[in-house]
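Chains as they are written, first to last, in numbering that gives the first Met the number 0: chain L, 0 to 297; chain V, 0 to 297.
Since the hints were made in silico from the structure, they are not lab data. Any given hint could be a false lead.
Identical copies go unnamed one by one, so any copy, or any two together, can satisfy a pair.
Claimed, not checked - Pairs of lysine-lysine residues, derived as DSS-like cross-links and limited to a Cα-Cα distance of at most 30 angstroms, are as follows:
| hint | residue 1 | residue 2 |
| --- | --- | --- |
| 1 | 67 | 24 |
| 2 | 18 | 67 |
| 3 | 221 | 248 |
| 4 | 55 | 33 |
| 5 | 248 | 237 |
| 6 | 158 | 78 |
| 7 | 33 | 135 |
| 8 | 214 | 41 |
| 9 | 18 | 63 |
| 10 | 78 | 67 |
Protein chains: 2
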Amino acid sequence: MDQIIECVPNFSEGRDQEKIAQLVKEVVSTEGVKLLDYSSDKDHNRTVITFCGDAKGVKEAAFKLIKKASEIIDMRYHKGEHPRIGATDVVPFIPVKNATMEECIQIAREVGEKVGRELSIPVYLYEEAATTPERKNLENIRRGEYEGFFEKIKQPEWKPDFGPQEMNPKSGATVIGARNFLIAYNVNLATDNIDIANKIAKAIRFSNGGYRYVKAMGVELKERGIVQVSMNLTDFNKTPIYRVFETIKAEASRYGVNVIGSEIIGLVPAKALFDVADYYLRIENFSENMVLENRIYE
Amino acid sequence: MDQIIECVPNFSEGRDQEKIAQLVKEVVSTEGVKLLDYSSDKDHNRTVITFCGDAKGVKEAAFKLIKKASEIIDMRYHKGEHPRIGATDVVPFIPVKNATMEECIQIAREVGEKVGRELSIPVYLYEEAATTPERKNLENIRRGEYEGFFEKIKQPEWKPDFGPQEMNPKSGATVIGARNFLIAYNVNLATDNIDIANKIAKAIRFSNGGYRYVKAMGVELKERGIVQVSMNLTDFNKTPIYRVFETIKAEASRYGVNVIGSEIIGLVPAKALFDVADYYLRIENFSENMVLENRIYE
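Bound conformation, chain L alone (with noise of 0.2 angstroms):
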């Protein structure tokens, strides 16, 4: 695969398994793309599909995908705990290897269009693709969910930015985008003292005055009777794993507390960790092309 943008839809069903085949059976049968994943879950009834493939490939199965849900799925009948406004919730493209934001936006620009065009589902883009600056937060974009949108849509500053300024009552809205990779990592801390898993997360996260990409939260493990710093990771390139976790050291030091460990939650690209051992190593002439299977994979 010369081109790997990865796209990550969510929709608002995750019980009836009959559905759920039918969606993953859209990926699956569109070349181009690779499925890596799918997960439901019940309590959310909400489904996220994870696959991956050329600008061609995913448009299309992104396409097939919300038209399939807009067919099997009725959100005048959905009930579940996590935020939604619509069958097919939210998808965004994440450029991987060989692929640019800026193609990942036109992507998500050209699949909205036509949803909003041939399926008549207002549309909403958001992160890199928001075309208002209230609209680069998803939960912003959601808040009110699917019951309180048939009103907020009415308002001039929430006109979808394809498709009708009207709910599609069976479908919902759906919000379409492009954002970096994001990696769920957590840095697991010799003590179970939540106030110093919250005081490093603060200490590191953007929003107490932390790095730029990071999102971090203290969270207890009581089971293994420690805690955690909590994080995502929204943009490896720029906030690099290897200076969060030293970062994180430095600071639980401060409270004689040791590092015992970290975890990667789902996927990481390859070249998050290839950065980790260029900086450890100390290595002088790293490049991408010298590891063998960008060679093999180029």
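Since the structure of chain L is already known, use the hints to place chain V on it.
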């Protein structure tokens, strides 16, 4: 590519571009393999080709190369600084991904048998494929070189593993085998004192009591006014890069010397770098399956 076996044959021709191109063409024209690199040295009068593929592909390409070399290279007229005993001098098979050493040993045997039978070239199996302890080491086999082999081959202990027990005057003999991936890795020291580099090299290399899979020597980098510990890591799974790097750092500090940085020469498998990231980040749950690209190219 599901399975990756690397093959790095060495040929006794490094000057005639037309002949070198004919060899490279044998790789490019074989299905199931990918050419990664080729480089020729005029002084050594020798060409090294690097390619990889699945078992079937590397077997076919390796045989085609040896056959072509037997047609276009005539050892009776070969001069060069590098030790050699044949037109195709040495052919290692290296397991990289979804391949075992046993499989590579089997490939070496099959190719060796066919070369002996169809091309009448004496073949010696070496390294992991060796049939006696004396044949494990390439230099041990190659001692005497092409010129001396007309006599050496007559000795019972140097009866070839395959092919006739007499030299092929035009093609010489060929060494075929299986080995681990070799990483050429150097660590640069903030001193111009070559004694320190030599002492550290002795501390870490196998031959003087150091790590089992490290070959090392001190080297002066005159232009930069520093010295380096220059190494071959012959099994990064058992003697990982980070352990060698940390040991050199500790040994250097004993002389009050800092480590400036390190260099990777040539290619490095992704796993060798993932291991480094895993170690320094103390990742508790690391698996290669977490790496996005491994999911895509599995």
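Of the hints given before, which are not true for this structure? Hint check: nothing fails, all pass.
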